[in-house]
Amino acid sequence: MMSTRAEKASTVARDTTRRIAMGKRKGIWKEQLFKYVLILCIVIAFVTLLALIIHSAWLGRGRLDLNLITQMPSTLNPETSGMQSALWGTVILMVGVLVTVVPLGISAAVYLEEYADTERWWNRFIELNIQNLAAVPSIVFGILGLAYVVREGFAFGPVAYAGSLTLAMLVLPTVILASREALKAVPDSIRQASYGMGATKWQTVWHQVLPVAVPGMITGTILAMSRAIGETAPLLLVGATTFVTFNPDSAFAGAYTAIPVQIYQWASRPQPEFRELAAAGVILLIVVLLIMNSAAIWLRNRYSRFDL
Amino acid sequence: MSTTTRTDRPSVVLVAQSSRWGEKLIHFWLGFCALSSVIITVGIVLALFTPLPEFFSRVDFRAFFSADPWAPALATPSFGVWNIVVGTLNVTMYALIVAIPAGLGAAIYLSEFAGRRARKVLKPVLEVLEGVPTVAYGIFAFIFVTPLLRDNWPTWLPGDLGDAPGIFSSGAAGLVLGVMIIPTVASISEDAMSAVPRSLREGAYGLGSTRMQVATKVVVPAALSGIVAGFVLGVSRAIGETMVVLLAAGASPNLTLMPNESVLPMTAFIGRTATGDISVGTDVYFTIFAVGALLFTMTFLMNMISIALVRRFREQYE
Chain A
48 MMSTRAEKAS TVARDTTRRI AMGKRKGIWK EQLFKYVLIL CIVIAFVTLL
98 ALIIHSAWLG RGRLDLNLIT QMPSTLNPET SGMQSALWGT VILMVGVLVT
148 VVPLGISAAV YLEEYADTER WWNRFIELNI QNLAAVPSIV FGILGLAYVV
198 REGFAFGPVA YAGSLTLAML VLPTVILASR EALKAVPDSI RQASYGMGAT
248 KWQTVWHQVL PVAVPGMITG TILAMSRAIG ETAPLLLVGA TTFVTFNPDS
298 AFAGAYTAIP VQIYQWASRP QPEFRELAAA GVILLIVVLL IMNSAAIWLR
348 NRYSRFDL
Chain B
-5 MSTTTRTDRP SVVLVAQSSR WGEKLIHFWL GFCALSSVII TVGIVLALFT
45 PLPEFFSRVD FRAFFSADPW APALATPSFG VWNIVVGTLN VTMYALIVAI
95 PAGLGAAIYL SEFAGRRARK VLKPVLEVLE GVPTVAYGIF AFIFVTPLLR
145 DNWPTWLPGD LGDAPGIFSS GAAGLVLGVM IIPTVASISE DAMSAVPRSL
195 REGAYGLGST RMQVATKVVV PAALSGIVAG FVLGVSRAIG ETMVVLLAAG
245 ASPNLTLMPN ESVLPMTAFI GRTATGDISV GTDVYFTIFA VGALLFTMTF
295 LMNMISIALV RRFREQYE
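Quick mapping for you: the protein sequence lines, in order, are chains A and B.
With the working numbering as the guide, the letters of the first sequence map in order to residues 48 to 355.
With the working numbering as the guide, the letters of the second sequence map in order to residues -5 to 312.
Incorrect hints may appear among the rest.
Partner residues are not named here, just some residues of chain A that face chain B (Cβ under 7 Å, in silico) [said to hold, decoys possible]:
{"no.": "1", "residue": "Leu97"}
{"no.": "2", "residue": "Ile101"}
{"no.": "3", "residue": "His102"}
{"no.": "4", "residue": "Trp105"}
{"no.": "5", "residue": "Gly109"}
{"no.": "6", "residue": "Leu111"}
{"no.": "7", "residue": "Val157"}
{"no.": "8", "residue": "Tyr158"}
{"no.": "9", "residue": "Pro184"}
{"no.": "10", "residue": "Trp249"}
{"no.": "11", "residue": "Thr279"}
{"no.": "12", "residue": "Leu283"}
According to the in silico footprint, chain A covers these stretches of chain B (three or more CB under 8 Å from chain A) [what the hints assert, rightly or not]:
{"no.": "13", "region": "36 to 44"}
{"no.": "14", "region": "274 to 287"}
What the hints contain is simulated information worked out from the structure, not anything from laboratory work.
Don't be surprised by glycine CBs; every beta carbon is placed ideally from N, CA and C.
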């Protein structure tokens, strides 16, 4: 009796094992094919970027020299033309974005993460609003800038800070979201200990929470700035369109242009010399971005090692 | 029941004895900064919609939403916005043909197949991909992809589809745009798939399913609303993207869904018009705001659908 049951069990087990093995063998090529198709999906994006970089480097190879950054743009001598004014324009623009968006974004994140009662409808509304703002097309920010920063409202006119303010509004959601993540990662025990010692809310935030969250916030800010550097469309609407052969006087005076705008202008000219310049400009821009992104990722990995 | 919980709480509420004005001021300031994002949204809505009454006093409402020719800058202007809306839809359609399967495939791979080490490398690289400037993709589409398509066009195709594209091609712009939004679609879909509880997968494995079966029959259906949210956000990004279509899709507002023709998407119209010199108060100037308002409305609806889907998904599993 016992033996037959055990025998029966063992045959069932053997049978099942065989069936599973057969099923695996039967479907294994399908499984493998599926996996390779998935890998192909992810590779498409990388290969396109690689093709983009190689194409630009090849096309712009003759122009990747010092002239590119030391010379002013010129329509008469495209062979020696450069993008010095655009480079300065971008530097001024980015300083403007940085001083505007960092205090605003971090304060907003501190409010939402440390102060706000998320049950309240207005705080939920602010969160919903930030989520939506992050997905508004960049050119719409350009129209906002045109209407209320350049012409009316602030009425700065087409100066560099008008571009900075427009880009700052564009990347504000990125900075807020990244800073909130950084604040979320700060363990609650630190706050509790601080309160236990009699610290007020702000003392706790300023002396305990913010110092721990700073690396995460810097990472988020670098990523936001790298988005702002490559942004072209809104700048077309807020004044960075003119052909500028001199550096901007200041953030609040004089015409300005920026690297991506200069690249766009060169690319839309029919002569091959300008296309080469545009390609060289793309390489310059990508190198700058790679450095910024690597710095951000390095910072994140360096500080996430201290598991708090 | 309620009495026992009440006794658990301290009977005296501890508060500071003096009201701290500094603390309150800081609280107020931080709240104001958070409110700035709402102010920006209000600013966008006002900037786009307040010029509309003036615009529609000059242009007939019905003529605007019609298939009349699109020529706002001509001496006898005509404002059939349908032409540029179709231009946007044309490019978006080709972008989605690339971005939806590739984004979903990339997400399934990252969530279900990739090992820990592969994920650790691939996810940051995907983030970097999202940060490549759009003007670089635009130049690539214009100087590289369009000539490539032109030289290898399947001219044996029937009818107009067999004509090789000229300098501009909506198909080339769409393809590059599609590759550009793969990371967006992939990262949101991947988030959704990662949030599917392990127990569901293990149940399926326990029943003898293979990885592919688990991925396609368990994880993808379970994460569907999150995945659709990724698609919708991808559509929103494709509609709102400017530089690629500005450089590669062209300037002629053709009412067509063909990939081998030049079209003028809405964003390209705004960008192109803004680059030239336009004086305040002209019809063309107001047209920028009208098209912008339409663009904002379309993407706003998409974003709201996407956010609602993500929320519903989170409520299900978290």
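Here is what the structure says about each hint:
Look at Leu97 (chain A): its Cβ only gets to about 11 Å from chain B, farther than 7 Å, so that hint breaks. Given hint, Ile101 (chain A) at the interface with chain B, is violated; its Cβ is 10 Å from that chain's nearest Cβ, farther than 7 Å. Restraint check, His102 (chain A) versus chain B: the minimum CB separation of about 5 Å is within 7 Å; hint holds. Residue-level restraint check for Trp105 (chain A) is violated (minimum Cβ-Cβ distance to chain B is 10 Å; threshold 7 Å).
A cut of 7 Å between beta carbons decides the hint on Gly109 (chain A): the least distance to chain B is about 15 Å, and the hint is violated. This hint is violated: Leu111 (chain A) has a C-beta 15 Å from the nearest C-beta of chain B, more than the 7 Å allowed. Hint status for Val157 (chain A): holds, given a least beta-carbon distance of 6 Å to chain B, under 7 Å. Because the closest C-beta pair between Tyr158 (chain A) and chain B is about 4 Å apart, less than 7 Å, the hint holds.
Hint status for Pro184 (chain A) relative to chain B: holds, with the closest Cβ pair at about 3 Å, below 7 Å. With a least beta-carbon distance of about 5 Å to chain B, the hint placing Trp249 (chain A) at the interface is held under the 7 Å criterion. Because the smallest distance between the Cβ of Thr279 (chain A) and any Cβ of chain B comes to about 5 Å, under 7 Å, the interface hint for this residue holds. Interface restraint check: Leu283 (chain A) against chain B, minimum CB-CB distance 5 Å, threshold 7 Å, status holds.
For the region 36 to 44 of chain B, the stated coverage by chain A is satisfied: 5 residues place a CB nearer than 8 Å to a CB of that chain, which reaches the threshold of 3. Counting residues of the region 274 to 287 of chain B whose beta carbon lies closer than 8 Å to any beta carbon of chain A gives 4, which meets the minimum of three for the stated coverage.
Hints 1, 2, 4, 5 and 6 from the list above are not met by this structure, while the remaining hints are.
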